Amino acid sequence: MMSFSPLEWQIVRFTLAVCAFSTLLILPVGLATAWLLDRYHWPGKLLVETIVTLPLVLPPVATGLVLLKLFGRRGPIGYFLSQHFDVDVVFTWRAVVLATAVMSFPLLVRSARVGFQGVDQRLEQIARTLGASDVRVFFTITLPLASRGITAGIVLAFARAVGEFGATIIVAGNIPGRTTTLSLEIFSAVQLGHDATAYRLLIVCVVVAFSAVWLSEVLMKRRSMG
Amino acid sequence: MRISVLILTAVLAGCTVNGAEVNVYAAASLTDVMKEIASAYEKESGDKISFNFGASSLLARQIIERAPADMFLSADEAKMDQLEQAGLIATETRRDLLSNLLVIVVPSDSKLVIASPEELVSKSQKIAVADPRAVPAGIYTKEYLTRLGLWQKLESKIVPTENVRAALAAAESGNVDAGFVYQTDASISSKVRVAFTVAVEQGPPIRYPVALIKEAKEKSAAAKFLAYLQSASARKTFERYGFIVKF
Amino acid sequence: MVKRSPYEETIDGMKLAIRQLSLRLQQFTLGVDLDIQHPRTAIFGPSGAGKTSLLEIIAGLRKPESAKISFNGQLFDDSGRNYSLPVRLRKLGYVPQYDSLFPHLSVQRNLLYGSNRKPKDHTLNFHHVIDFLEIGHLLDRHVHSLSRGENQRVVIARALLSVPQLLLLDEPLTSLDAKLKNAILQQLQALHREFAIPLLFVTHDPAEAIAICEEALLLQAGRITARGNPAELLG
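Chains as they are written, first to last, in the numbering used here: chain A, 821 to 1046; chain B, 61 to 307; chain C, 467 to 701.
So here's chain A without its partners, still in its complex pose:
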């Protein structure tokens, strides 16, 4: 019962690769957004906060629908991509990255924002008196001091990506070998009555989730020991 077929391995590898990629993708934008939201006020800030939180609050399939309309071949972004770059998003692995990125983005931003909030800005000031540029201050003082929140954000985002289902199935479909992720395959297995497969893949999910949380705990312990 515990031996995995090549197809199942492919699904596990695909899921981990896609989720790692999408988490890396949202990292710069997510951190920048979190930092801007923490440090600045501007007219329309509330609108930005709301949009960033939407995927967290909307039913995932609703978010998937929005993405389908935007990135479908006839949608504004999808049409542009297919005409100018000959790139198809919907029903390809790119849609999986898109769905997981969008759904996990708010989690990263929220956690990172809390991380930035906790940074003593006086220390940033001191760094400036020592001659550091704003960029250097950000990378040598702000980021490290916010690293607990940021690490938590990355772990949450990754875990959310691995568990993503609703938006993915709408915008990427469940195409064996091409867009089928761990969650989608568990769904199929349940639908088809292949319970053994479903349980095997469930165990994989547990192992992934466990490792992610364990890793984040280790990383955060190291930080606090200086």
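Be a bit skeptical, because a hint or two may be false.
As the list claims (entries may be wrong) - Here are the computed lysine to any residue pairs in the SDA-like style, where the Cα-Cα straight-line distance is at most 20 Å:
no. : chain 1 : residue 1 : chain 2 : residue 2
1   : C       : Lys481    : C       : Lys534
2   : B       : Lys217    : A       : Ser902
3   : B       : Lys274    : B       : Ala150
4   : B       : Lys171    : A       : Arg893
5   : C       : Lys529    : A       : His861
6   : C       : Lys557    : A       : Ile990
7   : B       : Lys217    : A       : Ile990
8   : B       : Lys217    : A       : Trp913
9   : C       : Lys529    : A       : Asp908
10  : A       : Lys1041   : C       : Pro569
11  : B       : Lys217    : A       : Asp954
12  : B       : Lys202    : B       : Ser184
13  : B       : Lys171    : A       : Asp906
14  : B       : Lys202    : A       : Gly997
15  : B       : Lys213    : A       : Lys1041
16  : C       : Lys529    : A       : Gln941
17  : A       : Lys1041   : C       : Ser572
18  : B       : Lys171    : B       : Lys274
19  : B       : Lys171    : A       : Ser902
20  : B       : Lys213    : A       : Pro996
21  : B       : Lys251    : A       : Ser953
22  : B       : Lys213    : A       : Ile990
23  : A       : Lys889    : B       : Lys274
24  : C       : Lys529    : A       : Arg942
25  : B       : Lys202    : A       : Arg998
26  : C       : Lys529    : A       : Ser953
27  : C       : Lys481    : C       : Ile690
28  : B       : Lys202    : A       : Pro996
29  : B       : Lys183    : A       : Asp954
30  : A       : Lys889    : B       : Ala138
Simulated from the structure, these hints should not be mistaken for lab results. Quick caveat: nothing in here was measured; it's all calculated off a predicted structure.
Chain A is fixed; fit chains B and C onto it per the hints.
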């Protein structure tokens, strides 16, 4: 005074005097035709028909898990056989009700023209098909394409969908180049056109069996509705939608 | 005799010109208009008089409502022309009242933050400062393991290592016991002789002002009410 009239009307609308509620689980491709037949029947009989439409594979699984169905209308025999083997249907009520034809549809504004399914190999990149592992429409499609020796070549282009109506929707949206659906699905949609029809002799034998569930709550009401489904007026409606009638 | 400093870039001079500085604080308005010319000047006053705010404005960490400030000929602030030199370009060493070591860096990395040198490049200047402040044994320690006295010496050393043209110290000796206070006081006294860097020293303790500085400015409720020799003014 007006409020109590409203409440009374609502209550009366909610319950039909002496009316039973029959739960019919039916294949997704039957959505529109069954709704029309049922509404005509409801006026005549005073009974209410509730539907659960979906892929026959999904419905069969639900019935196996003891979902409260009174009648099952499947798009292929395999799913009905599954239930029969599990002892869940009243076998004496089982019969073949309808047949259908497979067609290849394309978005209505698509310029794609094909003379045979073979041309899909070179002229398309994504083809929507109801999940060929479980859903009847997909199983029929796979059977057909395998018989033509095209399944291997087209397999990588297939986008499996949850049921045949989802395949239709995918074709309508333009996110796929073509889709395999039933003739009856194509005829209710204005956003696709039929690019190729699989002739009866060349396609797989498509059968829609119907049967009453043994543990049905509303056995007699369901039997009455089953009889109605084989009536002359029902036949007319089925044929109007493009179904091939087998009774 | 002023010892020739190993720092070639050190400027011995103190010419801090503050014109029309104004900032509304909670209880009063901070208003200062004067020149500071002694290389060891104390800003003395009771707590809440505005001493920290004044120091922060000079450092560029706080924005005044109006001010024209220049140091050794270099313009720091000119509110009339909406000009303010960024903090990092002012080359000032700032030793605040609060704990200002970077908690995520070791003592050594803290020290080297302001100097553009990699830890491996141990030059004479680095050792000189370390030895002078007697913190050589603390280099690999974690910041949170330092005592308050050790902490302050490291902060001062860090500021020195950034080769500042002026050192601003905000009550650096508070919450230190008498013995430690004296030790660091002596180091601060010698600091100017050793490194030829002018300092502006904020304190509410007359003894500190007298021990270290040549001139004291008395700040009361936001205004300089007196200035002169610390011993005469405060003794």
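- Between B/Lys213 and A/Pro996, is the straight-line Cα distance small enough, at 20 Å or below? holds (15 Å)
- Measure nothing beyond the straight line between the CA atoms of B/Lys274 and B/Ala150; if it is 20 Å or shorter, mark the hint as holding. holds (5 Å)
- Message: Hint check: B/Lys171 vs A/Ser902, CA-CA at most 20 Å. Holds or violated?
- Response: holds (17 Å)
- Hint consistency between B/Lys217 and A/Trp913 [alpha-carbon to alpha-carbon, up to 20 Å]: Status holds; Cα separation ~14 Å.
- Assess, step by step, whether the Cα of C/Lys481 is no farther than 20 Å from the Cα of C/Ile690, and give holds or violated. Holds, because 18 Å separates the two Cα atoms, which is no more than 20 Å.
- Message: For a C-alpha distance cap of 20 Å, please report whether B/Lys251 and A/Ser953 respect it.
- Response: Distance of about 59 Å is beyond 20 Å: violated.
- Given the proposed pairing of C/Lys529 with A/Arg942, does the C-alpha separation stay at or below 20 Å? holds (15 Å)
- Satisfaction of hint between B/Ser184 and B/Lys202, Cα-Cα up to 20 Å: Between B/Lys202 and B/Ser184 the Cα gap is close to 17 Å, so the pair holds against 20 Å.
- Message: Does A/Ile990 sit within 20 Å of C/Lys557, going by the straight-line distance between their CA atoms?
- Response: violated (58 Å)
- Are the Cα atoms of B/Lys171 and B/Lys274 separated by 20 Å or less? violated (50 Å)
- Message: B/Lys213 and A/Ile990 were given as a pair; does the straight-line alpha-carbon distance stay at or below 20 Å?
- Response: violated (26 Å)
- Item | Holds or violated: A/Lys889 to B/Ala138, with C-alpha atoms at most 20 Å apart | Since the Cα atoms of A/Lys889 and B/Ala138 sit roughly 36 Å apart, the hinted pair is violated (cutoff 20 Å).
This entry does not satisfy hints 6, 9, 11, 15, 18, 21, 22, 23, 29, 30, going by the numbered hints stated previously.
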